[in-house]
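Q: Kindly generate the complete structure, drawing on both the sequences and the hints.
Under mature numbering (1 follows the signal peptide of the UniProt record, and there is no 0), the residues of the sequence shown are numbered -21 to -1, 1 to 149, in order.
In short, the hints are calculated from the structure, not lab data. Incorrect hints may have been included.
Said to hold, decoys possible - For each label pair, taking beta carbons as the anchor points, the in silico distance ranges come out as:
#1 T29 <-> A119: 35 to 41 Å
#2 G60 <-> T29: 41 to 47 Å
#3 T27 <-> A53: 30 to 36 Å
#4 K126 <-> D64: 35 to 41 Å
#5 A85 <-> T29: 15 to 21 Å
#6 K145 <-> D123: 28 to 34 Å
#7 G60 <-> P149: 29 to 35 Å
Cβ coordinates follow ideal geometry from the N, Cα and C atoms, glycine included.
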Amino acid sequence: MRRVLTTAVLSLTLLGAAACAADPAETTATPSSSAAPAASSAAPAAPTGTQSKEATCLAFNMMGISEESLGVLAATTKIIGAAIDDEEKAKTHVPALVTAIEAYRAQLAKLSADTADAEVKAALEADIATVAGAAQALTAANGDFDKVIAVLEGTALDIHENKTSKLCAP
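A: And the structure:
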């Protein structure tokens, strides 16, 4: 029960962080005149998009209140809420969470494709892999609720742990 409540509190914290991350007032998105990519330790595909780092970061920060992001939060909340009374009922909500995560991953992939900044692209690609890993882990849990909770309590879906959030922090 303590783990379920901890996860519920963390989910509510994520909602608050998502709302705070969507303050576009401080960012002015203008394409840069020089397209010199930043050095990166990762080796993602070369950026082919047209969006500057600032524009991509603004779009990423706005994702905190997007339908896809809130869909992950809503699906997580359904699992946690159901788990308080009945773990078996909570398990029925896992496929909806996997679907929501896939929609969120697709939104990240679109941002990655649209960016012209190598550093942001590398961060987005790393986050895409992490989010996809969470969806795979949930599917592989195959009804084992302890494994589902482990994914929810892990860092894969934690907005404060992903590389793009750290890079694009307002």
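Q: Each hint should be assessed against the structure and marked as holding or not.
A: Going down the list of hints, with the structure as the test:
no.	hint	result
1	T29 <-> A119: 35 to 41 Å	37 Å, holds
2	G60 <-> T29: 41 to 47 Å	42 Å, holds
3	T27 <-> A53: 30 to 36 Å	33 Å, holds
4	K126 <-> D64: 35 to 41 Å	20 Å, violated
5	A85 <-> T29: 15 to 21 Å	19 Å, holds
6	K145 <-> D123: 28 to 34 Å	31 Å, holds
7	G60 <-> P149: 29 to 35 Å	31 Å, holds
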